[in-house]
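S.K.: Starting from the structure of chain Z, add chain C where the hints point.
Listed here are the chains, written in short residue letters.
2 protein chains.
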Amino acid sequence: MNERVRLAPVGLGRWARVLSRAAGRGDVIELVSCYSRDETRRRAFQDEFGIARSAPSYQELLRDDSVEGVVITTPNDTHLPVIAEALAAGKGVYTDKPIAHTVEDAVAIAKAAGESGRAFAVGHAARRLAGSREMKRWIDDGRLGAVSLAEANFSNERGLELTPQTWRWHADRSPGGSFIQLGVHHADNLQYLLGPVRSVTAHARRLHTEAEVPDAVMSIVEFESGALGYIGAGWASPGVYTVNLQGTEANLRYDLDFTHWDEAQHADDYSTLHSQGSGEPERSVVELPRTDMFREQLEEFALAIRGDATIEVGAAEGVRALAVVHAALTSSQRNGAAVPVAEVVEAAGGAAVAEVRA
Amino acid sequence: MNERVRLAPVGLGRWARVLSRAAGRGDVIELVSCYSRDETRRRAFQDEFGIARSAPSYQELLRDDSVEGVVITTPNDTHLPVIAEALAAGKGVYTDKPIAHTVEDAVAIAKAAGESGRAFAVGHAARRLAGSREMKRWIDDGRLGAVSLAEANFSNERGLELTPQTWRWHADRSPGGSFIQLGVHHADNLQYLLGPVRSVTAHARRLHTEAEVPDAVMSIVEFESGALGYIGAGWASPGVYTVNLQGTEANLRYDLDFTHWDEAQHADDYSTLHSQGSGEPERSVVELPRTDMFREQLEEFALAIRGDATIEVGAAEGVRALAVVHAALTSSQRNGAAVPVAEVVEAAGGAAVAEVRA
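Residue numbers (this note's numbering), protein chains in the order written: chain Z, 22 to 379; chain C, 22 to 379.
Okay, chain Z solo, but in the shape it has when bound (with noise of 0.2 Å):
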């Protein structure tokens, strides 16, 4: 191994702090640098990680040049001018998902992205989950047969305890609610597993939380191929995380505990995946090996700034994913007729993005 890969974390919350234990994991990353606007948290992240130095500025980050990429993790608004400050300042810039809030700033992005030849990846890391991997595994080499129904859902409490003082609170912030924060994983998840969707059909609902945005959402997705995927998404019970493919030759059904979703090094010992096959009801137990997908997902990253790796989840994905989540918002707005992804993406200026994807 060569040198560390030099990261600093930039927007120091819950979600900054699982990323550098996951980057700690490993010995390919060296966060050197962190940002927060906030002093006392910088402070205190730089102590609870024990990295060497932190920046009074975004601006100061950005011009260190032993910082080689940076770590988003601020929230999904701020992701446009943070990123493309990042970016024309020569840094590899990961961002958590969702890509941004909007698909216009999506799109803004992937330009961006696109224009600086920087390492850029986003963060829909459950794709890489061992259940998932094996799911792909077993699509690609024909023993699921044709697929022709995919169900997920994601959902957990998180609704019933938003305050105003969060911005997962503002609709103008994180429009979509619990399917722009927990949906937008399975949008990624179908889609690399069943290829581009093709449009999409919701009801997004206001029920339980006090927030502005809907804490209770459904969706049908047409796949390109024909196929059918439904993606439910709440945020007003305990935790869920199913995915549950219907094949011609068998079925699979992933069940993964939710709780421990921030330890993704033990995140597989809390999941299963059972097949059943073709005229055997019975089901087996899939064995499925141990990933950490944040590490893994970060050490990408890290080794794509050095030439070293190429980047599975980018610009395009992270596109592709959210505007599965406008389209389904939009869908709901016209009383569940289905929407193109396509329309959505057009209308926020994206079509050169929808060429290079197609």
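Read the hints as simulated data drawn from the structure, not as lab findings.
In this text, a Cβ means the ideal position worked out from N, Cα and C, and glycines have one as well.
Check before you lean on any hint, since a few could be wrong.
[As the list claims (entries may be wrong)] Computed far set for chain C versus chain Z, every beta-carbon distance over 12 Å:
id	residue
1	E24
2	E69
3	G71
4	R154
5	W188
6	P217
7	G253
[Said to hold, decoys possible] Now the in silico label distances, taken between C-beta atoms and shown as ranges:
id	chain 1	residue 1	chain 2	residue 2	range
8	Z	H295	C	G47	33 to 41 Å
9	C	E182	Z	R158	37 to 45 Å
10	C	G298	Z	A65	46 to 54 Å
11	Z	H295	C	W188	28 to 36 Å
12	Z	R311	C	R35	40 to 48 Å
13	C	A368	Z	R355	21 to 29 Å
14	C	E81	Z	H295	46 to 54 Å
15	Z	R158	C	D193	37 to 45 Å
[Unchecked claim] To spell it out: a stretch of chain C is covered by chain Z in this simulated footprint if at least three of its residues, at any positions, have a beta carbon under 8 Å from a beta carbon of chain Z; those stretches are:
id	segment
16	168-181
17	223-230
18	264-276
19	354-363
M.R.: Just chain C now, with coordinates in the frame of chain Z:
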């Protein structure tokens, strides 16, 4: 116990055997005659179940004063004439689900049943599964809190086995394919659990079946309570039967091994109900009593003929479940736009039925 209630199966295929075996597990019902147009089939059925006689014509069966009620398992599109004739002859009528193939026929059946004053039951047996009953108790006594999302799936591989010789192949005889045959069970279950559905959004696709009908259907229902429900029904994969409820206080997950469906007295042995409390990621197994859904519904029907029981699932419930199916098919034709259940009932001349219901 008084003298057994004297019933006669009409339409002597696979399902008539399932129901006749169920009746034979108790001492409430005596099968005294039977009818099928096919004489060979009629004789074989008579022999198999030791039935005293069989009728050479349906009219003759209905003239038989010893027959108190008929158990109808003829194709969906024959229900209206077969039921109407039996009611006119003064017989009680049990019909298998769906109540009919069209809402028009369903509404006509509901009117005929109401006007006749005879016992009339529809075979939506799944709500009698121990798991369904237990979920209903959790909702009613508040253990789930407020339910925001409910997901159900009923699928099997029958769509891959259909031939033009079977009525289920034909769109005019069984519109909706997997949704009218399998999904309709959950259209009843979810309304049993969470109250009436207000509107339905759906996409129905013909993907892998050779038949004329869809084999992949996903729908989102909105309950009058505001909660959202999902029903998936596929006909091109190994069997699935699941119901998941997400409430503010707890989740419930019900999973039944469909291959034991026909032997209802064993269905509970092959089903599991898990609960997950608020703040408790771990799942607990909920113990289920043993039931026999097919026997129970037939005995209830039989006793109702004598005035000794009240029918739980009658015409109103049958119409309501079928209306969800047809609202789904209409929605799919409208690119997913939500269709009010009341619209399809009223379009079918069912205003009176809707009023009775409301």
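S.K.: Indicate, hint by hint, whether the structure satisfies it.
M.R.: Verification of the supplied hints:
A cut-off of 12 Å between C-beta atoms confirms that C:E24 is not in contact with chain Z; the least separation is 40 Å. Every C-beta of chain Z lies more than 12 Å from that of C:E69, the closest at about 26 Å, which supports listing it as non-interface. The claim that C:G71 lies off the interface holds: its Cβ sits roughly 31 Å from the closest Cβ of chain Z, which is beyond the 12 Å cut-off. The beta carbon of C:R154 sits about 22 Å from the closest Cβ of chain Z, which is more than 12 Å, so the claim that it is off the interface holds.
Every CB of chain Z is more than 12 Å from the CB of C:W188 (nearest about 23 Å), matching its label as outside the interface. With 12 Å as the threshold on Cβ separation, the claim that C:P217 sits away from chain Z holds: the shortest Cβ distance comes to roughly 17 Å. With a least CB separation of 6 Å from chain Z, C:G253 falls inside the 12 Å interface cut-off, contrary to its annotation. Checked against the hint of 33 to 41 Å, the C-beta distance between Z:H295 and C:G47 comes to roughly 36 Å, which is consistent with it.
Restraint check, C:E182 to Z:R158: a C-beta distance of roughly 28 Å breaks the suggested window 37 to 45 Å. Between C:G298 and Z:A65 the Cβ separation comes to about 34 Å, which falls outside the hinted range of 46 to 54 Å. Checked against the hint of 28 to 36 Å, the C-beta distance between Z:H295 and C:W188 comes to roughly 34 Å, which is consistent with it. Between Z:R311 and C:R35 the beta carbons are some 47 Å apart, a value that agrees with the proposed interval 40 to 48 Å.
Checked against the hint of 21 to 29 Å, the C-beta distance between C:A368 and Z:R355 comes to roughly 22 Å, which is consistent with it. Taking 46 to 54 Å as the suggested C-beta distance range, the pair C:E81 and Z:H295 conforms, at roughly 52 Å. For Z:R158 and C:D193, the hinted distance range of 37 to 45 Å is satisfied, since their beta carbons lie about 42 Å from each other. A stretch counts as covered by a chain when three or more of its residues have a beta carbon under 8 Å from one of that chain; for the segment 168-181 of chain C and chain Z the count is 7, and the coverage holds.
Against chain Z, the segment 223-230 of chain C contributes 5 residues with a C-beta closer than 8 Å to a partner C-beta. That satisfies the three-residue criterion, and the hint holds. For the segment 264-276 of chain C, the proposed coverage by chain Z is satisfied: 6 residues have a C-beta within less than 8 Å of a C-beta in that chain, meeting the threshold of three. With a cut-off of 8 Å between beta carbons, the segment 354-363 of chain C has 5 residues touching chain Z; three or more are needed, and the interface restraint holds.
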